[in-house]
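The opening residue of the sequence shown carries number 1 in our numbering; numbering runs sequentially from there.
In short, the hints are calculated from the structure, not lab data.
Hints are supplied without guarantee of correctness; some may be wrong.
Claimed, not checked - Straight line, CA to CA, 20 angstroms or less: simulated EDC-like cross-link-like pairs of lysine to aspartate or glutamate:
| # | residue 1 | residue 2 |
| --- | --- | --- |
| 1 | Lys608 | Glu671 |
| 2 | Lys613 | Glu671 |
| 3 | Lys306 | Glu295 |
| 4 | Lys719 | Glu671 |
| 5 | Lys276 | Asp238 |
| 6 | Lys564 | Glu665 |
| 7 | Lys306 | Glu513 |
| 8 | Lys719 | Asp327 |
| 9 | Lys607 | Glu676 |
| 10 | Lys613 | Glu568 |
What the hints assert, rightly or not - Taking CB as the label site, the calculated pair distances span:
| # | residue 1 | residue 2 | range |
| --- | --- | --- | --- |
| 11 | Ala200 | Lys572 | 49 to 57 angstroms |
| 12 | Gln657 | Tyr500 | 56 to 64 angstroms |
| 13 | His662 | Asn218 | 30 to 38 angstroms |
| 14 | Tyr500 | Ser650 | 32 to 40 angstroms |
| 15 | Asn253 | Ser349 | 37 to 45 angstroms |
| 16 | Glu674 | Arg269 | 48 to 56 angstroms |
| 17 | Gly545 | Asp653 | 22 to 30 angstroms |
Quick caveat, the model's predicted, so the values are computed rather than measured.
Cβ coordinates follow ideal geometry from the N, Cα and C atoms, glycine included.
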Amino acid sequence: MSLSRRNFIKSTALLGGGLAIGFNLSGCSKAPPYPNMNATALQPNAYLQVTASGEVILQLHKVEMGQGVFTGLTTLAAEELKMDPALITVQHAEFHPDFRDPEFYVMITGGSSSLRLSYQTLREAAATVAAMLIAAAAQQLNVAESSLNLHDGKIIHAQGELGFADVIVRARGMSAPSVVTLTSPQDFQYIGKYDQRLDARAKVTGSSQFGLDVQYPNALSAVLLRSPDFGGKAKSFDAIAALAKSGVRSVINVDGAIAVIADTYWQARQAASAVKVEWEKGPLAGVNSDALRAERHSLLATESGKNVEEIGDPSAASGVLFDALYDVPYLAHATMEPMNALAVVKSDSIEVWTGNQAPDIALSAIADATGFSREQIRIHNQMLGGGFGRRILPDYLVEAARVAQLSGYPIKLVWSREDDMRGDFYRPNSSVKMSATVEANVVTSLQAKVAAPSIMGQFVGEVSNTLLPQWIPDGLHGKLAGLAASSDPAATEGLIETDYQFPYMRTDYIMQETSIPIGYWRSVGHSQNAFFMESFIDELAVKTGQDALQFRLNHLPVDSRRRKVLKEVADKAGWGSPAAGQFQGLAVHESFHTMVAQIVSVSIEDKKIKVHKVVCVVDCGVAVNPDIVRGQMEGGIVFALTAALKGNISVVDGAVQQSNFHNYELLRMNETPEIEVHILESAEAPTGVGEPGVPPLAPALANAVYAASGQRLRQLPLKLV
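Kindly generate the complete structure, drawing on both the sequences and the hints.
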């Protein structure tokens with residue numbers, strides 16, 4: 001997920017009066033105490049605490065949803081504390097202003113930024129704790145600090161060792177140092193070397209707690225019936241039959257949806273099927289995904305759009321014009337754990353247990369919906385059974401809070417798979433016209449015109465109550481959403497700021513006004529724009545009679561990171577020498593500061609695509625936990641293969657047609673290829689790995705299919721004819 005909020009916030013200042021200075025004005029008030037702060041612990045910052053017993057506790061300010069931050073962030077702290085990461089106790093952090101992201105300005109997990117943005121901050125926080133412990137021990141022993149070392153929760157000195165608990169009282173009385181020295185890379189003990197998953201055993205044994213696992217005394221289960229049409233609400237309902245079923249406590253209207261409340265989830269689900277509801281059509285009645293695609297094609301043919309990037313002089317675009325039209329559909333997140341939340345509403349407080357990527361945003365949304373203040377609300381985050389951007393939105397937390405508020409019961413709200421599939425915030429559908437001019441087999445220009453709805457426009461409309469202080473008039477929130485929509489960076493990311501070099505390059509964006517709910521999906525705009533760009537680059541290689549690899553190298557600067565991973569993947573995959581009966585396709589893409597190249601090997605039989613192998617090379621700076629990096633590349637490839645071969649959400653008359661995995665299929669084990677991942681050595685700070693494995697897969701696969709079949713497929717999912 002990439003929000004580019006810094007640029008958005010800067011642009012909103014143009015609305016007048018230096019508006020941007022008002023963002024997160026609550027930060028001007030007195031800062032709340034650090035998490036779990038108490039009089040006996042050493043806690044110089046919000047991230048780390050050493051208790052009176054010597055236990056080191058890390059506040060996990062980024063949520064663990066399978067991407068590895070539970071281990072990765074702990075590894076950073078462990079490096080400076082000189083202790084095995086497994087010895088550190090990790091707690092899911094509640095909201096605290098210090099945990100707000102320095103780029104997104106809210107407490108959020110997304111944009112594959114957790115390790116990148118925490119690399120310095122968390123190491124400094126841990127180094128501060130280490131320095132205070134050593135200083136306290138030096139005073140206590142009356143020795144030089146340089147004679148002391150830390151090791152696995154102990155302070156080692158010439159005559160023996162002290163436990164952290166032995167110096168905690170003295171350390172608490174010291175001032176935190178203003179400057180600390182971080183461990184030099186050549187001295188790393190854990191960064192780049194630690195290859196265990198700290199959360200693995202708990203997940204394998206079932207002791208790890210996800211949102212679905214949370215229990216609360218006397219909590220009831222709720223199922224929510226929502227309109228099948230986006231934005232629709234209940235006109236009336238008949239719950240006589242439902243109320244007669246075993247365990248059912250209540251059936252109520254909650255903001256236009258119907259909540260069925262029972263002792264257990266199964267009782268609520270069974271009773272829900274007996275409720276008769278008359279629904280009013282929502283504002284998207286009549287909207288169809290096929291018609292939306294046709295509208296985008298018309299926009300591309302008739303509208304010039306807003307220029308996003310222009311490099312070079314248009315006069316350089318000489319020769320014959322060559323263009324191609326590409327399309328991608330809506331996609332669901334389809335996380336393994338459906339949306340859920342447990343809410344307890346009292347007269348002066350609300351507590352919610354859930355898995356959510358943006359608790360800061362959720363606090364404001366719950367406050368708006370219930371009338372409580374943010375300070376009266378607590379969100380207890382758990383492990384997430386998949387996020388992929390879906391759990392940035394707070395809708396399911398708000399629903400649970402409102403059902404609890406209106407019913408008077410502690411409520412555990414659980415979505416079914418059908419609820420999840422039809423009530424998602426989808427990856428946008430998008431169309432692009434790629435064009436180039438070619439003269440004497442030389443490409444003189446490369447241009448892209450994108451037609452797509454705006455994620456940013458919808459997102460800002462959902463979360464502006466978090467971004468702006470409460471004194472901002474409600475009418476201004478809509479204006480901000482409109483401003484964000486017209487300049488949505490997600491629509492063109494991956495098409496612009498590339499290091500490909502052509503005499504003239506231009507990218508334009510046309511916003512499609514009508515859209516079903518959309519949101520951030522794993523790798524966001526890169527997921528489709530890499531398909532557009534790298535497929536068309538391949539087409540240009542064919543058009544000019546050049547090898548696909550060599551064509552790319554010919555249009556890259558000599559010091560390009562893209563060139564580096566391309567050469568490495570070509571070597572590792574044996575580019576140009578596929579196995580008998582197989583064909584290769586190549587793609588490379590940069591997203592979230594990480595460069596990834598992939599070569600896919602396929603065969604075709606009876607118009608069916610068989611993927612045999614994917615070779616991946618990633619340049620992500622220092623790999624803090626190499627095995628996690630490999631796992632994220634592998635997971636991203638499988639995720640992207642599913643989308644490239646199967647993914648499609650279709651909308652008819654304002655309603656999603658898919659409902660479960662029988663008609664929104666996932667990649668099966670027997671369809672999963674051999675995957676080989678190579679990590680480039682680097683001394684640079686870490687960059688993202690949760691999402692960058694996704695974008696290159698679809699174009700590499702499409703390019704391989706072209707090599708195998710001669711069919712140039714420009715629409716996802718890929719289907720041979």
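Check your understanding: Between Lys719 and Asp327, is the straight-line Cα distance small enough, at 20 angstroms or below?
Key -> 13 angstroms, holds
Review point. Does 37 to 45 angstroms hold as the CB distance between Asn253 and Ser349, or does it fail?
Key: 25 angstroms, violated
**Study point:** Pairwise hint evaluation, Glu665 against Lys564, where the allowed Cα distance is 20 angstroms at most
**Key:** 36 angstroms, violated
Practice item. Given the range 56 to 64 angstroms, decide if the beta-carbon distance of Gln657 to Tyr500 lies inside it. Key: 38 angstroms, violated
Review point. Is the distance from the Cβ of Ala200 to the Cβ of Lys572 consistent with 49 to 57 angstroms?
Key: The hinted range 49 to 57 angstroms is violated for Ala200 and Lys572, with Cβ atoms some 28 angstroms apart.
Check your understanding: Is Lys613 close enough to Glu671, meaning Cα to Cα at most 20 angstroms?
Key -> Holds. Lys613 to Glu671 sits at ~11 angstroms (cutoff 20 angstroms).
Review point. Is it true that the CA of Lys276 sits at most 20 angstroms from the CA of Asp238?
Key: Holds, because 5 angstroms separates the two Cα atoms, which is no more than 20 angstroms.
Review point. Taking the CB of His662 and the CB of Asn218, does the distance hold inside 30 to 38 angstroms?
Key: Because 37 angstroms falls inside the window, the suggested range holds.
Exercise for review: Please test the hint of 48 to 56 angstroms on the beta carbon pair from Glu674 and Arg269.
Suggested key: 40 angstroms, violated
Practice item. For the pair supplied as a hint, Lys306 and Glu295, confirm whether the alpha-carbon distance does not exceed 20 angstroms. Key: Answer holds: Lys306 to Glu295 is near 17 angstroms, not above 20 angstroms.
Check your understanding: Between Gly545 and Asp653, does the beta-carbon spacing fit 22 to 30 angstroms?
Key -> 48 angstroms, violated
**Study point:** 20 angstroms limit on alpha-carbon distance, applied to hinted pair Lys607 and Glu676
**Key:** Measuring from Cα to Cα gives roughly 26 angstroms; hence the hint is violated.
Against the hints set out earlier in the document, violations occur for numbers 6, 9, 11, 12, 15, 16 and 17.
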